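Asks: Spelled out, the chains give:
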Amino acid sequence: KAGVTQTPRYLIKTRGQQVTLSCSPISGHRSVSWYQQTPGQGLQFLFEYFSETQRNKGNFPGRFSGRQFSNSRSEMNVSTLELGDSALYLCASSLRIRGGAQETQYFGPGTRLLVL
Amino acid sequence: SQQGEEDPQALSIQEGENATMNCSYKTSINNLQWYRQNSGRGLVHLILIRSNEREKHSGRLRVTLDTSKKSSSLLITASRAADTASYFCATDDYTGANSKLTFGKGITLSVRP
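Residue numbers (my numbering), protein chains in the order written: chain B, 70 to 185; chain R, 609 to 721.
Isolated chain R (complex conformation):
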């Protein structure tokens, strides 16, 4: 079953606009990660935020984590056509040595030139 649920399922914006994607999860986590996937290829890691962190930046990416609401958001600023891809959040469940990453179903982002 999916731990992370992304919202919206699809997003279409104009180049230069900001894109905000949300992820909600159900159980306690060690960390939450965001990945990008282009056209059925392998996933590329974007950013990892730990359960004791609230905000993290990486280039044009900003991720927030609210453990009280069990939610995270990914903001891509000044989007480019090359940002067109599927974005997934993944949570590492808090089960000790055998914890695993569970992925959401993904958000399809289209950036129009």
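For reference, chain B alone in the conformation it holds in the complex:
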């Protein structure tokens, strides 16, 4: 079974621009979560999508948004980029069932975003 894939792997943007990251989950997984990882803050939860609906959201500004398509692929968008948005963005999928606890998450390799 193919693992979680993320594109692109690396991105360089300038302040004020916007960026879209893509994540393809493991086949059959309906839950996709996004995380931001920085040296200072560690792994911070952004949001989770399940069957095209946002299930949960972390404490990030509205500049961070996401969506999920009917094939479970997900995208996240960051508008008006700031220097502090430089980070490794990780996507993870799981076999979570509706109403169930968060089970084992399978992570993609991440997208490293550098904002200049």
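It is worth saying that the hints were derived from the structure and are not from the lab. No experiment lies behind these values; they were computed from the predicted model shown. Be aware that a few hints might be false.
Interface residues of chain B toward chain R, partial, derived using beta-carbon atoms under 10 Å [what the hints assert, rightly or not]:
| hint | residue |
| --- | --- |
| 1 | P77 |
| 2 | L80 |
| 3 | T83 |
| 4 | E117 |
| 5 | G127 |
| 6 | F129 |
Here a beta-carbon is modelled for each residue, glycine too, at the ideal position from N, C-alpha and C.
With chain B fixed as given, assemble chain R onto it according to the hints.
Replies: Below, chain R without anything else, positioned relative to chain B:
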């Protein structure tokens, strides 16, 4: 905010020794999970222990969970240089349908050959 807090922050041991890492958390949980990350890559799931379990084994890994103390430990026996990585504990908070995984800041393990 971080739910899980790992201890120590960094650990350096000789190959063949055992490595013990601890995680404490604050609220009730559904389960606790341990992950490994090599050099800024994606995380790899190691083991999941549910709130009604006390101990679990997987190969050279042993995880314990003490819900009364809100703590867990991960033991890696007979460590290898390839175990060098960052290790994270993550807790699924007990908030029903919208529960989420919250990660600690991680432990950096260095295994010297």
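Asks: For this structure, which hints from the list above don't hold up?
Replies: 1, 2, 3 and 6
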